[in-house]
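Chains A and B supply the protein sequences, listed in that same order. So in our numbering, spot 72 of the first sequence is number 72, and the numbers just go up one at a time. So our numbering is basically just the index in the second sequence, starting at one, shifted up by 1000.
Everything hinted at is true.
Restraint-style ranges between C-beta atoms, simulated for each label pair:
#	chain 1	residue 1	chain 2	residue 2	range
1	A	D432	B	E1119	23 to 31 Å
2	B	N1006	A	E452	47 to 55 Å
3	A	D343	B	C1008	37 to 45 Å
4	A	E452	B	E1069	29 to 37 Å
5	B	S1227	A	D343	48 to 56 Å
6	A	I400	B	S1227	45 to 53 Å
7	A	Q402	B	N1006	33 to 41 Å
Note that these hints are calculated values from the structure, not bench results. Backbone N, C-alpha and C define an ideal beta-carbon position, used for all residues, glycine too.
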Amino acid sequence: MIDTLKQPKTSSAPERSGTIPNGSDEDRVKLALAAFARGDSVGFPSSLRAIRDSARIQAAKVGFPTTRQEEWKFTNMAPILQLPLHPAEKGSAKLAPQDIARFTFGLNCYRLVFVDGHFCADLCSLPDDGNDLQLGNLTGQLKANSQEVEKHLGRHAESGANFFTALNTAFFQDGAFVSIAAGKTADKPVHLLFIGASEQPGATVLPRSLIVAHRGGSVKVIESYVSLADAARVTNAVTELVLGPEAQVEHCKLQQESERAFHVATIQAVQAKDSRWTSHSIATGARLARNQIQTLFDAEGAKAILNGLYLGHAEQLIDHHTVVDHARPRCESHEFYHGILADRAHGVFNGKIFVRQDAQKTNAKQTNRNLLLSDSAVIDTKPQLEIFADDVKCTHGAAIGQLSDEAIFYLRARGIGVEHARRMLIQAFASDVVERIGIEPVRAELEQMLVERFEPAKD
Amino acid sequence: MLDIRNLCAGVNGTPILKDLNLQVKAGEVHAIMGPNGSGKSTLAQVLAGRSDYEVTGGAVVFNGADLLEMKPEDRARAGIFLAFQYPVEIPGVNSTSFLKAALNECRKARGEEELDAMEFLALVKNKTKLLELDQSLLSRSVNEGFSGGEKKRNEIFQMAVLEPKLAILDETDSGLDIDALRVVAGGVNKLRRPDNATLVITHYQRLLNYIVPDVVHVLVHGRIVKSGGKELAMELEERGYDWILETVGSNGKP
Chain A
1 MIDTLKQPKT SSAPERSGTI PNGSDEDRVK LALAAFARGD SVGFPSSLRA IRDSARIQAA
61 KVGFPTTRQE EWKFTNMAPI LQLPLHPAEK GSAKLAPQDI ARFTFGLNCY RLVFVDGHFC
121 ADLCSLPDDG NDLQLGNLTG QLKANSQEVE KHLGRHAESG ANFFTALNTA FFQDGAFVSI
181 AAGKTADKPV HLLFIGASEQ PGATVLPRSL IVAHRGGSVK VIESYVSLAD AARVTNAVTE
241 LVLGPEAQVE HCKLQQESER AFHVATIQAV QAKDSRWTSH SIATGARLAR NQIQTLFDAE
301 GAKAILNGLY LGHAEQLIDH HTVVDHARPR CESHEFYHGI LADRAHGVFN GKIFVRQDAQ
361 KTNAKQTNRN LLLSDSAVID TKPQLEIFAD DVKCTHGAAI GQLSDEAIFY LRARGIGVEH
421 ARRMLIQAFA SDVVERIGIE PVRAELEQML VERFEPAKD
Chain B
1001 MLDIRNLCAG VNGTPILKDL NLQVKAGEVH AIMGPNGSGK STLAQVLAGR SDYEVTGGAV
1061 VFNGADLLEM KPEDRARAGI FLAFQYPVEI PGVNSTSFLK AALNECRKAR GEEELDAMEF
1121 LALVKNKTKL LELDQSLLSR SVNEGFSGGE KKRNEIFQMA VLEPKLAILD ETDSGLDIDA
1181 LRVVAGGVNK LRRPDNATLV ITHYQRLLNY IVPDVVHVLV HGRIVKSGGK ELAMELEERG
1241 YDWILETVGS NGKP
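Same shape as in the complex, but just chain A (with noise of 0.2 Å):
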């Protein structure tokens, strides 16, 4: 097993009681900076070591964000500092396989479980021999397979700029490793499931997990998080996606958790020459929940597809940021987020798309398209290109609307009820984004999510 550096602490510290913390912002991101230091049990590699005490400098330097900063205007973070954020603990109850059916898909595919960010071996299911795809939890691959892990792991994702990526970097504990063979394509695809547990108000995880498809691989991976309790738990994930020449990879994020739950994620991907990378983020759950999303080309012939659906409703605030940064000539973009927004819930997108001065022959689109359901739902949403190369073709458009009531109408005046017809539009409008999901069952029980989640209440 992993050797510990530092014992893992026993004894419950003040701000793990569940009270809220004292004095300022600045003294209560000290106090959850201490307390996942206390945490930080696993021991790692020494190169793992310098990249995470770096990370925790840059933590402290960035500072927590605040509305005051332009990436962050939308969407303020300040209500997770008023939780007593600690390290989730290890949960005494242990999960069957039948209590985590309903998160499953039904799907044959491989899976690693985390519950409370803990690896669950014995709810995984993974393939016999690993020579074409090695799948694991992370800290049990830095053992096995630490060349691989190490040459990319916290490499990717820069700490640099954000409060949350630096955080994860310098105190997850686990995570997924994921790494197709050069030429090989899966024979099925992979699930990561995170699971929250913890009923502990300010319990954090900081899941890490990296995904390796070398030249010519190819792999699609579900990232799921769900919650099994309805608690404010704080969720913090970073993911890094290696895409080696003409790699292909899917993946499909799918955020659901309870909505009283704190969501902040990073999926960072670097892409190799011809490389394709199709990302989906699907958010229907956490009372805050903000995503970066981001690719960078870094050689010729790249392409990624990032597609995106929020759907929002009571206080939710769902916020997307994307960047696309076109660092090398000929590679395409396309992106198409689709968002939902009912009573007061509160949408952000903010799409970046940087084309750098040698990156000619770039082919860039932007769509994001918004429903909002009530008068008093909000969506912020920012297009936002930097162009330094002049043979380029970029396109980016914005729309927010109703539903529309001459299809309202249509529908109505052949029989079909106004709520009826109403669902109809939303689901059309939510499809859009769900039917470009590559894997089948993933894509119905999502079809079959947007059936029920726009039913009206049964009495």
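Using the hints, position chain B against chain A.
Chain B in isolation, oriented as in the chain A frame:
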């Protein structure tokens, strides 16, 4: 079947229909003709229940029920069908599931059992033949990317599936070439029964060569100013609307 008495309706405070009277019996085909802006489409939309139009007076009784008190979906379920002049494209809503939902709502209202998927497909297959409709259109989103002719044909196809008591065809002939016109009219004729009725709204007499009306009404300035047999349509075709406009004057009153 349909009894319209002194119907007044308008949009944004501008009156369009002024004391319109019209009675349609089961088994009959009525044509409503009139120049542009006379209120033909307003009449169709008001009968279907479009809320953009404000009914300011009069009554409409449909098979004994007060039509104006009914929601659009309830009118459809009671047997009113509007073939839209401009059928709406609805991306993402599958044609087949839409029509199945619509039919089952209408069947429920009629006290009939809902059709399951197999029964529905058999019915659809049968009806697509009637309209010479390419069945592959039904796997697409409602009207999305359909040509003008396909949209109009799809309207009559929906009518064939839903089997309404009163069909209102709003300028179904506009934008159709002569072959499509023949197919659409043929479909309408095959659907005629002693217990249903059709209201054909058109600007041109052309369609009435194929769908032969029992009564022709001329609508001018929101009023029916003249009614007659099918020969009235021929006369309008020959002489235009001007002679009628002259006889009724600018306010529509004879």
